[in-house]
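Given the structure of chain A, go ahead and fit chain F onto it with the hints provided.
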Amino acid sequence: MNESASVSALDVMGVIMMSTLFSLGGGNGQIALIQDYWVGPGLLEPALFAWAYAIGNFVPGPKVSFVTGIGYYMAGIPGAIAALAGIVIPTTIGASIASHWYLKFQRVINHMTLSATFVIAGMMTTAAYGLARPMEIAWGEYIIVVVAAVAFAWKGLDAMYIIGGSGLLGAVIWMI
Amino acid sequence: MSSTPDVSSPPSLSLWTLAWIFFKLGALAFGGMWAAMDRIEKELVIQRGWITKEQQVAMMMTAALIPAPKFLAFGGMVGYSLRGYVGSCIALTTLILPGASVVLVAVMVSSLGEPGTLLGTVQHTVSLGIVGLLIGNAVRMARQSKVKLSSRLVGCGLWATVPIAVHAFGASLLLTAVITLVLGAWLIQPLPGDGLAQGALPDE
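Just so you know, the sequences run in chain order A and F. So in my numbering, the last spot in the first sequence is 176, and the numbers never skip. So in my numbering, the last spot in the second sequence is 1204, and the numbers never skip.
Next comes chain A alone, as it looks inside the complex (with noise of 0.2 Å):
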């Protein structure tokens, strides 16, 4: 399903390799770039995104495989190699550098997990709403929301349990 064909595989490469330098100190910043980029300029449908990104928690390997998903909506094949692409040439340079000089780098390093820690928090809270924000969110179903943001935020649940329960419950829903 190619949802979009102003992207080329190119463009999917540029923002994938851009968005993983945002995942400094653990964090998903890559989302809020591709949210910025794709979703909210409506390139993207916000439930596609949503998608494969659940998808992405349920597969083995790395979360971030959830990028082939996204690159496949932008391009097509070509658009998931070239995701795939974009974030392995960038951690291949980013985990040589880090083996070879990681010692001289370390304070600098450290220093701005600091920071980025609050700042990819905020990049996440802005991927959040705007992801949020074409749903037409109905009242009562905030409290999914709610439950998810605590669940995993205070109870640390798994955001594959959170996500397989919205999914069951969204099921459960259209039965009843």
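Hints may be right or wrong, so weigh each one.
[Claimed, not checked] Straight-line alpha carbon distances no greater than 25 Å define the calculated SDA-like cross-link-like pairs of lysine to any residue that follow:
| # | chain 1 | residue 1 | chain 2 | residue 2 |
| --- | --- | --- | --- | --- |
| 1 | A | K155 | F | D1038 |
| 2 | F | K1146 | A | I173 |
| 3 | F | K1053 | F | F1030 |
| 4 | F | K1053 | F | S1014 |
| 5 | A | K104 | F | M1061 |
| 6 | F | K1148 | A | G156 |
| 7 | F | K1146 | A | I109 |
| 8 | F | K1024 | F | V1105 |
| 9 | F | K1042 | F | W1020 |
[Claimed, not checked] Here are the simulated distance ranges between beta carbons:
| # | chain 1 | residue 1 | chain 2 | residue 2 | range |
| --- | --- | --- | --- | --- | --- |
| 10 | F | V1057 | A | M175 | 44 to 50 Å |
| 11 | A | M135 | F | K1053 | 41 to 47 Å |
| 12 | F | V1178 | A | I137 | 28 to 34 Å |
[To be verified] Below, a sample of chain F positions facing chain A; criterion: calculated Cβ distance under 8 Å:
| # | residue |
| --- | --- |
| 13 | S1110 |
| 14 | L1174 |
| 15 | A1185 |
For the record, the hints were derived by calculation from the structure and aren't laboratory data. Backbone N, C-alpha and C define an ideal beta-carbon position, used for all residues, glycine too.
For chain F alone, coordinates are given in the frame of chain A:
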């Protein structure tokens, strides 16, 4: 963390073996890097002896601090320690390949459900769950950062600045993120006696 992985004496092994082992890890490890710690240890430390337990922990900690997805960065670091740049690229490519393939097939065979259908309703509630997950992730990151109280207040200010600047004033997310990141690096201080950055806890 005071040590970095030792990359001085990589054992000789073929790139195929490296690719196969990381492909296996990518296909069998669920829940992210920290959740897969035991499996990684079994495969790389106990069975193969490619790295020591200490190196594994050091690499995992380092991977969490560099600007890249943690699990992939870890794979890249192990690959680099064994076979240099090519090893790094092969290790992290084969690590992500199984999951990425499943995602690709899943998005190809599934479509956007119409409102009112089972798929449409499930996708809608999953989207709601993800909105909550993103908010929860943001809160958890901010809660778990170990900084001075004054720095926490500054950090919360930066946290709020990003969505307000982007959604209320139409500022560029990238530019806002870079500016707040630099500002935060200047203003935010760690807890006294805490020489290490204690940003986000593992959540991948």
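Against the structure, the hints come out as follows:
Annotation: proposed proximity of K155 of chain A to D1038 of chain F holds, straight-line Cα distance about 23 Å (limit 25 Å). Between the alpha carbons of K1146 of chain F and I173 of chain A the distance comes to roughly 41 Å, so the proposed pair goes past 25 Å and is violated. With a C-alpha separation of about 20 Å, the suggested pair K1053 of chain F and F1030 of chain F falls inside the 25 Å cut-off, and the hint holds. For the proposed pair K1053 of chain F and S1014 of chain F, the alpha carbon gap of about 22 Å is at most 25 Å, so the pair holds.
Distance restraint check for K104 of chain A and M1061 of chain F: the Cα-Cα separation of roughly 16 Å lies within the 25 Å cut-off, and the hinted pair is therefore satisfied. Among the hinted pairs, K1148 of chain F with G156 of chain A is consistent with the structure: their alpha-carbon atoms are about 24 Å apart, no more than 25 Å. For the given pair, K1146 of chain F sits about 15 Å from I109 of chain A by alpha-carbon distance, which is consistent with the 25 Å threshold. The hinted pair formed by K1024 of chain F and V1105 of chain F meets the criterion: a straight-line CA distance of about 19 Å does not exceed 25 Å.
Restraint check for K1042 of chain F and W1020 of chain F: satisfied, since their Cα atoms lie roughly 15 Å apart, inside the 25 Å limit. For the pair V1057 of chain F and M175 of chain A, the supplied restraint of 44 to 50 Å holds, since their beta-carbon distance comes to about 47 Å. Between M135 of chain A and K1053 of chain F the beta carbons are some 46 Å apart, a value that agrees with the proposed interval 41 to 47 Å. With their beta carbons about 31 Å apart, V1178 of chain F and I137 of chain A fall inside the hinted range of 28 to 34 Å.
With its C-beta approaching chain A no nearer than about 7 Å, S1110 of chain F sits inside the 8 Å limit, and its interface hint holds. A distance limit of 8 Å between C-beta atoms decides the matter here; for L1174 of chain F the minimum to chain A is near 7 Å, and the interface restraint holds. Proximity of A1185 of chain F to chain A holds as hinted, the smallest CB-CB distance being about 4 Å (cut-off 8 Å).
Checked against the numbered hints above, the structure violates only hint 2.
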